[in-house]
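Participant: Sequence:
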Amino acid sequence: MSEEQKPANINPEQPTETWFSSWFDTPYYHILYKERNDTEAQLFMDNITNYLNLPENAKVLDLACGKGRHSIYLNQLGFDVLGADLSENSIVEASKNTNDTLHFKVHDMREPFEEKYDAIFNLFTSFGYFEKDEDNLTTLIAIKESLSEYGFAVIDFMNVNQVLNTLVPEETKTVEGIHFHLKRYLKDGHIYKEIDFEDKGQKFHFTEKVKALTLQDFEALMEEAGIYLLDTFGDYKLKKFYRNESERLIMIFK
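full-length UniProt numbering numbers the first residue of the sequence shown as 1 and each following residue consecutively.
Treat the hints with care, since some could be wrong.
With a straight-line Cα cutoff of 35 Å, these simulated DSBU-like cross-link-like pairs (lysine-lysine) come out [unchecked claim]: (1) 105 / 116; (2) 116 / 183; (3) 173 / 116; (4) 193 / 211; (5) 132 / 239; (6) 203 / 240; (7) 144 / 193.
Listed next, with one range per pair, are the computed distances between beta-carbon atoms [what the hints assert, rightly or not]: (8) 199 / 171: 33 to 43 Å; (9) 50 / 228: 20 to 30 Å; (10) 201 / 226: 17 to 27 Å; (11) 201 / 173: 14 to 24 Å; (12) 176 / 219: 37 to 47 Å.
Just so you know, these hints were derived from the structure itself, not from any lab. Glycine included, C-beta positions come from ideal geometry on N, C-alpha and C.
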């Protein structure tokens, strides 16, 4: 999920419940995470689309697409792709890549789409952001309702057990001359990341907050949503999921 083009509405006193709509809409979010590995992302898309055996020209939804790096590559693979994200600035940036079979729109993932899709991808831990737990169920139901009769959905989430086992409580990352001071911790069933930095003489503070959803939590939500979990994988090479060791929790459902 998840910049620029128009000036970001940055307020150092952001209310927690809107952290994802404010933080993702700033250029600083994309500066901090600029090291994301495009080669790894493309390998994942190659592997998962082959696994799903999607038909040629399949209609694909990249849900919480950010600036569209996955959407663009999926389109290059030959699919008819819509990238959707809550961040208006990210969609403005992504839309520069629009063509006849690649489009982008601002959309809240809690709302279903009128169009039906052969595949829906929710990638890079773009789930579990909401203040209300019931919104996670609402989102799963919206995904279900946006799938075609034979469509598949994929959620690529962090493996909470592995994250907590390897959590770095504090560190500083310097990117483009900005020193990002990061603090991470578990509180009330959520994994928090406090982000403090200074730029152009102004101090900023943002908080990332993601529900610490385990596979068992997802299974319970999916059962309630009437979703069928078909398979799980533990990394982008689609290796087996191991509860305490796997890097990712990748779930395939319909």
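Participant: For each hint, tell me whether it holds in the structure or not.
Facilitator: Each hint tested on the structure:
1. 105 / 116: holds, 15 Å
2. 116 / 183: violated, 40 Å
3. 173 / 116: violated, 41 Å
4. 193 / 211: holds, 12 Å
5. 132 / 239: Answer holds: residue 132 to residue 239 is near 32 Å, not above 35 Å.
6. 203 / 240: Distance of about 43 Å is beyond 35 Å: violated.
7. 144 / 193: holds, 30 Å
8. 199 / 171: 33 to 43 Å: violated, 18 Å
9. 50 / 228: 20 to 30 Å: holds, 21 Å
10. 201 / 226: 17 to 27 Å: violated, 53 Å
11. 201 / 173: 14 to 24 Å: holds, 20 Å
12. 176 / 219: 37 to 47 Å: holds, 41 Å
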